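Heads up: the sequence lines are chains A and B, in that order.
Taking this note's numbering, the leading residue of the first sequence gets 2, the next gets one more, and so forth.
Taking this note's numbering, the leading residue of the second sequence gets 2, the next gets one more, and so forth.
Treat the hints with care, since some could be wrong.
[To be verified] Think about it this way: if two alpha-carbon atoms lie no more than 25 Å apart in a straight line, the pair counts; the simulated PhoX-like pairs of lysine-lysine are: (1) B:Lys160 / A:Lys7; (2) B:Lys51 / A:Lys36; (3) B:Lys57 / A:Lys53; (4) A:Lys25 / A:Lys36.
Hint data in this document are derived by calculation from the structure and do not stem from the laboratory.
Keep in mind the model is a prediction, meaning the values are calculated, not measured.
2 protein chains.
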Amino acid sequence: MPFSSKIIEQAVEAFTGLPGVGRKTALRYVLHVIKQQEAEAHQLSDLIIKLKNDLKFCNICHNISEQHTCEICANPSRSNALICVVQDYRDVLAIESTGLYKGLYHVLGGLISPIEGVGPANLNISSLLQRLTADTQEVILALNATMEGETTSFYISRKLANADIHISTIARGIAVGEELQYADEVTLGRSITNRVPLDTVLKRT
Amino acid sequence: MPFSSKIIEQAVEAFTGLPGVGRKTALRYVLHVIKQQEAEAHQLSDLIIKLKNDLKFCNICHNISEQHTCEICANPSRSNALICVVQDYRDVLAIESTGLYKGLYHVLGGLISPIEGVGPANLNISSLLQRLTADTQEVILALNATMEGETTSFYISRKLANADIHISTIARGIAVGEELQYADEVTLGRSITNRVPLDTVLKRT
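Construct the entire structure; sequences and hints are all you get.
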């Protein structure tokens, strides 16, 4: 469908650059912006520029930050004995929102995926190996339980094999509130293999 | 989930202003913009401003236009005997892409919807009545076959009742390529009631 205006054509094109946005959705956004209050449109426009100009990646953990060193890395009350390796910024937010983790993070910026052409060199893995110090006691691999996540976990664990560091991964199992009969077999199988003594669970909660 | 940066918070807020975008999708857009090439982000930002500044609504038919009078209204080869009333710009695009309509349009900017608080006064209905001239022979109501669309069609047809103008509505029926057994009863019923002589169909195609 050709648009009657070149500006609409270009704007639709620009919006389709956003993840998961096709031409129909982009046109919906464009029509909304045209009808929007001028102040709102200016704000959205300004914030897109701000996102590019004012945000950086932390030079220690590669988390998104307004400073060169992010708030978590700069916080002296966080334990530098623990480094939790995650895929991206959203995972940091998710773990932070539990309020149960007091160590540091390391954001990979993706997962190893030969299909998408992402190799170890495209991820922040070498900087993880460089930042390990005598203080580092444990690296927690908190990656997705997908083919790519498991491959990346395996790759990092091999790289860390020679270092005198404990490597762990987050527990896979039945979600709290989930019913056993609806769980998939792999998850249920892992939750039986990696069963934990009842008193440790009771103590924690 | 609180974000670590105020800019991210504000940008997520701004993106949720777009139709159908929740906080999760907005955050996906924000993270995409942060990782995007600087030129791409600037382009999106600039085009949002351009959409507001350079586009107007045609002062005759209320279609979106770069000029005060849109290309369709300004085109002398289009017949001013026909006015096709549509809900919004997307409907104009859809009808134009058929290449079968050579008249003018009138964009209402919405449909009468008491639930959403949209009354006749909020739509471009009075300007439709004002633009009718001695040349106007027919007004085609091409509105959605929904409760709101039918209500709006009925309202406009009542307003035009006293004018010496032929009022028509687009044909409702079985879509080309659709199988009868899957059609809903109302559509099938209407397609039987409004059946057309076979030779007119053959002549047209």
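The hints, checked one at a time:
This hinted pair does not check out: B:Lys160 and A:Lys7 have alpha carbons roughly 36 Å apart, beyond 25 Å. At roughly 13 Å between alpha-carbon atoms, B:Lys51 and A:Lys36 fall within 25 Å of each other, so this suggested pair holds. For the given pair, B:Lys57 sits about 30 Å from A:Lys53 by alpha-carbon distance, which is inconsistent with the 25 Å threshold. As the CA atoms of A:Lys25 and A:Lys36 are separated by approximately 17 Å, the hinted pair is consistent with the 25 Å bound.
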